[in-house]
Amino acid sequence: MQHRYDDLTDEQLVELHLSGDPRGMEVLYDRFFDRIYRLAYAKLRNDSDAQDAVSAVFLKLVRSIDSFRGESKFSTWIYTVANNAIMDMIRRRRTTLSIDADIETDDGDSIAREFEDRSPGPEQQAVDEDFARFVYSKLDELPEGQRAVIELRFFMELSYQDIADRLGIELGTVKSRINRAVAALRAIVNRDEVSAGAR
Amino acid sequence: MRADDMRDREATGTCSVERALMYRRQADPRFRDELRRRFMAACEADAARRRAEPGVSGGHSVDAGRGADAGRGAGAGRAGRDRNPEVQEKRVLRLPRIPMAYMGLAAAAMVAIVIGIGNLIPRQPVAPDQPAPIMFSQTMPAEADTAQDQALAMAPAAPAAPGEAGAAVARTAPAAPAAPLAPAARGFAPVAAGVMDTAELVLAGVLNDEMRLKLEQIAAQAGSALEFVPGDAASPDAGSPVEPVAQVAHLAVERRVAEHVVSRIVEELGAAVEQPLSQVGSDQVLVVVRFSSN
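Chains as they are written, first to last, in this note's numbering: chain A, 1 to 199; chain B, 1001 to 1294.
Rather than coming from a laboratory, the hints here were simulated on the basis of the structure. Here the structure is a predicted model, which means the values were calculated and not measured. All C-beta atoms in this analysis are idealised placements derived from N, C-alpha and C, irrespective of residue type, glycine included. Mixed in with the good hints, there may be bad ones.
[What the hints assert, rightly or not] Covered by chain A, per the in silico footprint, the following chain B stretches (three or more residues, Cβ under 8 Å): (1) 1017-1025; (2) 1033-1043.
[Stated by the list, open to error] Cross-link-like lysine to aspartate or glutamate pairs, in silico, DMTMM-like; alpha carbons within 20 Å at most: (3) K60(A) to D1033(B); (4) K1214(B) to E1259(B); (5) K175(A) to D130(A); (6) K138(A) to E71(A); (7) K138(A) to D10(A); (8) K1214(B) to D1283(B); (9) K138(A) to D47(A); (10) K1214(B) to E1267(B); (11) K60(A) to E1268(B); (12) K60(A) to E1044(B); (13) K60(A) to D130(A); (14) K60(A) to E1210(B).
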């Protein structure tokens, strides 16, 4: 039975739920859980807050499924829902969250050197994770438009065309904007790595 | 990884930042399962509520969902949401829903607009199909004794010849155009619209020659003429024709001298003002003088 639901598009699964059949929602959960968790983790940068955010997103999804009008793809709609929920959480916890505190404790030299080594293993994975969190922490320094394309592409895994539809820009603009966003992020990361090494 | 993504990687080379962005942070499996259970419970409850709603037909199968919208899913959510026929009927014109609070506000605004427009339209005091005023001549008995006489007296008179205009006067007191009407026009400026301003004075006693002479002098000086309307004098012996006694005098004067005429009548004849000059705004003003024997 499940494999038949797997064949349906996101929008068809939503329609089934609206007609009283909730079984397809589990498929949607499996499709989007990892993406939303990744988005939440990138913004909040710790598992506990990411779990709270993802819980809020999925429960909010049930409550606000009526607001999905089918005018956009479900993947872009749920990105909006998730983004709003996560930003609400950040605003509420701004006084208590210390997002960058654990990042500052890492040794910048060690991260760069270990990452260049590219050797697999648990230690490398831990370094990758630290570096990823370090990179995530720099996303806030990007302009809104560049940060959005990175989130849509790398965390929500949307296609270029879907991103173009979501943002209302040309397909070629999406690609160039992603390239510029990654280059800008790389410059920010390099700058901060150098300053951390100088300390 | 997508094919276009792969091509980009080959062209530009994947940098460490991109690898960090593609880092797949995995959630705790226990959290994932626990949230799945809570999420599905919420979905079950929501779906049950929808099934209970009138107009939502349950039993939709996977095939039904597949056939409903095989494209990009545009309108899928809308179609599902508006499955209720009542809602669909309201959205036939694809107009956005208007909250009820705004509907009330819009209705109030419409009423205000209608009233505002209505205020700018002057009301016509005399309808075109209104029957002509009932007339009688001096040869007609003052009181109709029989039903036939009453019928004759109440019959609408034929249009009077020019020469008879002075003899035939309106019986309806004081006169049709001078009937005290409400202001004929509402709006920003007075508009007479066929209505004549009036002032009514009362004189004690029956009209005598002296009074008549003074009134005629005042009228002549005001550039007007007197018009007497006979009253219903009681007949000493019933059955014999009685000459009607004038009990009301009309002076149609220009507005600019109307107040002066009224004050002269009050001063020289000792009349009392029963109704001050109305302010509809007509160019001509009718001064009505009644003679009261009481």
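Quick rundown of the hints versus the structure:
Counting residues of the region 1017-1025 of chain B whose C-beta sits closer than 8 Å to any C-beta of chain A gives 9, which meets the bar of three, so the coverage hint holds. Residues of the region 1033-1043 of chain B with a Cβ under 8 Å from some Cβ of chain A number 7, which satisfies the need for three, so the listed coverage holds. Of the pairs offered as hints, the one joining K60(A) and D1033(B) holds, with about 18 Å between alpha carbons and a cut-off of 20 Å not exceeded. Distance hint between K1214(B) and E1259(B) is fulfilled; the C-alpha atoms sit about 17 Å from each other, no more than 20 Å.
Distance check on the hinted pair: K175(A) and D130(A) sit about 27 Å apart at the alpha-carbon level, beyond 20 Å; violated. Under the criterion of a C-alpha separation no larger than 20 Å, the hint pairing K138(A) with E71(A) is inconsistent with the structure, at around 33 Å. Under the criterion of a C-alpha separation no larger than 20 Å, the hint pairing K138(A) with D10(A) is inconsistent with the structure, at around 32 Å. Only pairs whose Cα atoms come within 20 Å are accepted, and K1214(B) paired with D1283(B) is rejected, the gap being roughly 24 Å.
Taking the CA atoms of K138(A) and D47(A), the gap is near 18 Å; set against the 20 Å cutoff, the hint holds. Between the alpha carbons of K1214(B) and E1267(B) the distance comes to roughly 11 Å, so the proposed pair stays at or under 20 Å and holds. Among the hinted pairs, K60(A) with E1268(B) is inconsistent with the structure: their alpha-carbon atoms are about 92 Å apart, more than 20 Å. Our distance criterion of 20 Å between C-alpha atoms is met by K60(A) and E1044(B), whose separation comes to about 14 Å.
For a cut-off of 20 Å, the pair hint linking K60(A) to D130(A) is broken: about 30 Å separates their Cα positions. With a C-alpha separation of about 99 Å, the suggested pair K60(A) and E1210(B) falls outside the 20 Å cut-off, and the hint is violated.
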